[in-house]
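The primary structure of each chain is shown beneath.
Number of protein chains: 2
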Amino acid sequence: MRTRPLKVALLGCGVVGSEVARIMTTHADDLAARIGAPVELAGVAVRRPSRVREGIDPALITTDATALVKRGDIDVVVEVIGGIEPARTLITTAFEHGASVVSANKALLAQDGAALHAAAEANSKDLYYEAAVAGAIPLIRPLRESLAGDKVNRVLGIVNGTTNFILDKMDSTGAGYQEALDEATALGYAEADPTADVEGFDAAAKAAILAGIAFHTRVRLDDVYREGMTEVTAADFASAKEMGCTIKLLAICERAGDGASVTARVHPAMIPLTHPLASVRGAYNAVFVESDASGQLMFYGPGAGGSPTASAVLGDLVAVCRNRLSGATGPGESAYAALPVSPMGDVVTRYHISLDVADKPGVLAQVATVFAEHGVSIDTVRQQGKDGEASLVVVTHRASDAALGGTVEALRKLDTVRGVASIMRVEGE
Amino acid sequence: MRTRPLKVALLGCGVVGSEVARIMTTHADDLAARIGAPVELAGVAVRRPSRVREGIDPALITTDATALVKRGDIDVVVEVIGGIEPARTLITTAFEHGASVVSANKALLAQDGAALHAAAEANSKDLYYEAAVAGAIPLIRPLRESLAGDKVNRVLGIVNGTTNFILDKMDSTGAGYQEALDEATALGYAEADPTADVEGFDAAAKAAILAGIAFHTRVRLDDVYREGMTEVTAADFASAKEMGCTIKLLAICERAGDGASVTARVHPAMIPLTHPLASVRGAYNAVFVESDASGQLMFYGPGAGGSPTASAVLGDLVAVCRNRLSGATGPGESAYAALPVSPMGDVVTRYHISLDVADKPGVLAQVATVFAEHGVSIDTVRQQGKDGEASLVVVTHRASDAALGGTVEALRKLDTVRGVASIMRVEGE
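These protein sequence lines are chains A and B, in that order. Note that full-length UniProt numbering numbers the first sequence so that position 116 is 116, with each residue one more than the last. Note that full-length UniProt numbering numbers the second sequence so that position 271 is 271, with each residue one more than the last.
Errors might be hidden in some of the hints.
Stated by the list, open to error - Pairs of lysine to aspartate or glutamate residues, derived as EDC-like cross-links and limited to a Cα-Cα distance of at most 16 Å, are as follows:
#, chain 1, residue 1, chain 2, residue 2
1, A, K360, A, E389
2, B, K241, B, D182
3, B, K151, A, E389
4, B, K70, B, E96
5, A, K151, B, D292
6, A, K151, B, D30
7, B, K151, A, D29
8, B, K386, B, E429
9, B, K151, B, D29
10, B, K360, B, D292
11, B, K7, B, E54
12, A, K7, A, E40
No lab work stands behind these hints, which were simulated from the structure alone.
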């Protein structure tokens, strides 16, 4: 074994970073044995240097992250600060100064993954980011290595723990969205400002990364259709139950149009209770991958948290260190397929639509005509009337999102339709 | 991209081999793009050369596997013939003649993994074998790479599809073992001679491989405690249901004695219906991995079959070819921890024991005394009597297998105990 240690610079020392530093210390011998050389924490860049950080030599702490990544003797930079800047500049600076990079930064990778990969390649360095998607669950490596000889057709997953906690709570207790969110916040599952989670931005970033790797095609955050879950109601869960379904916030990446294009989207959807994703509880994540040869695979585990994310970071750190020692680099960006990303209107799925309608004869005929005119075939209809008001629940066969959108627009114009109470996609069948 | 192709020799062209050859042809462009050079099928060694093999140039077919692996121009040998010999000699010969090896041979790896790894390392070549465990499910790579920075404490899984099909059938239909086996055979899920599956040899080989990788310790097939599932009865399933459990054939690899040793075992066991492994149906496989930092991860998918296994082989092929191009090798054997493997007697778990006893006063007191004398604490007891016969169902707290064995031996000697109807371990709680 080499005795000269590999030097690691840590950017960020919050929940994940402190756990990375802790494990690097407590498991130093194991890491050295697995890498073939010791690894040494050579510097830790933080914003608040005065905070006490247990187990970390105060001499390693710096507020000057730029100077740290420019030192020239750093083998691997671990970036766990998140956000676009200064993370982006620090990572590219690290590559230029001879370091490989392990990052957990989903937002940055979803927005600028191509540029970061290009910078890594230009400097013959590694860029690894298992921790950016679904915490500890090995997903990036299986997709880009284990399934490298297969053709992935679909990735369907629960990739945000906060929203799964909220939806699970709504499902199991009948609570409304706000009540469930309040509990998630109180328990530390939701941040003070939950926007990134509940509006689907976090899941959309992960969908962009997964779609890119799965389909060997550049997919950016802007390419991902995104709908949050703040408007999911207790009534939606009641409707889902009647269908033998529950509701999950899903990230779905698919080949479309006979494989000539891809789509990526995040939205709440009904899925059958018999689908393995339906039983993913609390803040857990799970991702289904469907491929030509391997069929259906599922990966399940904790999707967030300091320790699980640190585990993913350290797995990458071991791989990158091994590559440094052997003078090789791991797989870089694979975007050779360069498939176009189709808009949401091209996505084909099923829909569950609840309408508030006038309780009089002929309404169903009118509504059914609108669906037919837009080429959306109806699977089932259920009418419920009381006190001159009635509700109409329509479940469609598979149709394009554009056709469904046109249908709903036309329905809203009908005098007999008082409102569209909810539209929910039905997936996983 | 390099234009000179990498040359692949295929040993075996059965269900898996023919699928590997097919995908190498139909997905040649994708494989080339992902590897960075084209791959070419340079020879296929078979036993019956006269059989027509669709899509494979007859000029590539040979019965002389030894000459093929000795050619010297082969980059990667893909071994899918199975069994110990001639596979072992062919693989070591391949290393000596400059090739890396991708194998799906669990029996050989479980028996001679250390020697094969040594041969690979001596020749600076790769030995990859994702397909040896749980078919298409990425498990070897996540364990040896993604979790390389974590400490794995337990691997608990369903790693044999045939037995899971049979047990699932018994559970869902109330069928006996023979009836369920007959159906599995008729549907092609069980081989004409099902011994390797139903007696747990196949699962034990996989347990040895998984334990070795998870604990960085050499674990051989002989180290794995093995109990088949041919004696599981419909009555056992009825008992399991009363416990809120089902029965699965589990492979369990654990750290024992405060982490100072490891254990590996395969046997039927009751697991709670709420455990994710309980809902693994049909011939599917699933493996739970518990680690210090990442918590509980689960990997799920088809555990066998030509296409899924071929997907795993091709994933390895891409990785090994990429390593060839960069002049590097991937992770080899990691056995630095070299922990002792403890015998089955040291395993600590819970037990469900059904006794046929005389229906007279004092029997329970006698039985309870025997348990107490052996230090096995009883959790619950249920007595059922009819016609002078009675059954006593005892569920214990956690106890060592040795203590339980001593208890059962002493119980058999009691006049009032007419027989031990079944002993089943209870796992996953």
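Now the hints, each set against the structure:
Taking the CA atoms of K360 (chain A) and E389 (chain A), the gap is near 9 Å; set against the 16 Å cutoff, the hint holds. With a C-alpha separation of about 24 Å, the suggested pairing of K241 (chain B) with D182 (chain B) is violated against the 16 Å cut-off. Between K151 (chain B) and E389 (chain A) the alpha-carbon distance is near 61 Å, which puts this suggested pair outside the 16 Å criterion. With a C-alpha separation of about 8 Å, the suggested pairing of K70 (chain B) with E96 (chain B) holds against the 16 Å cut-off.
A hinted pair counts as satisfied when its Cα atoms are at most 16 Å apart, and K151 (chain A) with D292 (chain B) does not qualify at roughly 33 Å. For the hint pairing K151 (chain A) with D30 (chain B), the CA-to-CA distance comes to about 9 Å; that is within 16 Å, so the pair holds. A C-alpha spacing of about 12 Å is found between K151 (chain B) and D29 (chain A), which places the hinted pair at or below 16 Å, so the restraint holds. The hinted pair formed by K386 (chain B) and E429 (chain B) fails the criterion: a straight-line CA distance of about 32 Å is larger than 16 Å.
Between K151 (chain B) and D29 (chain B), the direct Cα distance comes to roughly 39 Å. Violation of the 16 Å bound is thereby established for this hinted pair. Taking the CA atoms of K360 (chain B) and D292 (chain B), the gap is about 50 Å. The hint is violated against a cut of 16 Å. Our distance criterion of 16 Å between C-alpha atoms is broken by K7 (chain B) and E54 (chain B), whose separation comes to about 20 Å. Proposed proximity of K7 (chain A) and E40 (chain A) is supported: the alpha carbons are some 5 Å apart, at most 16 Å.
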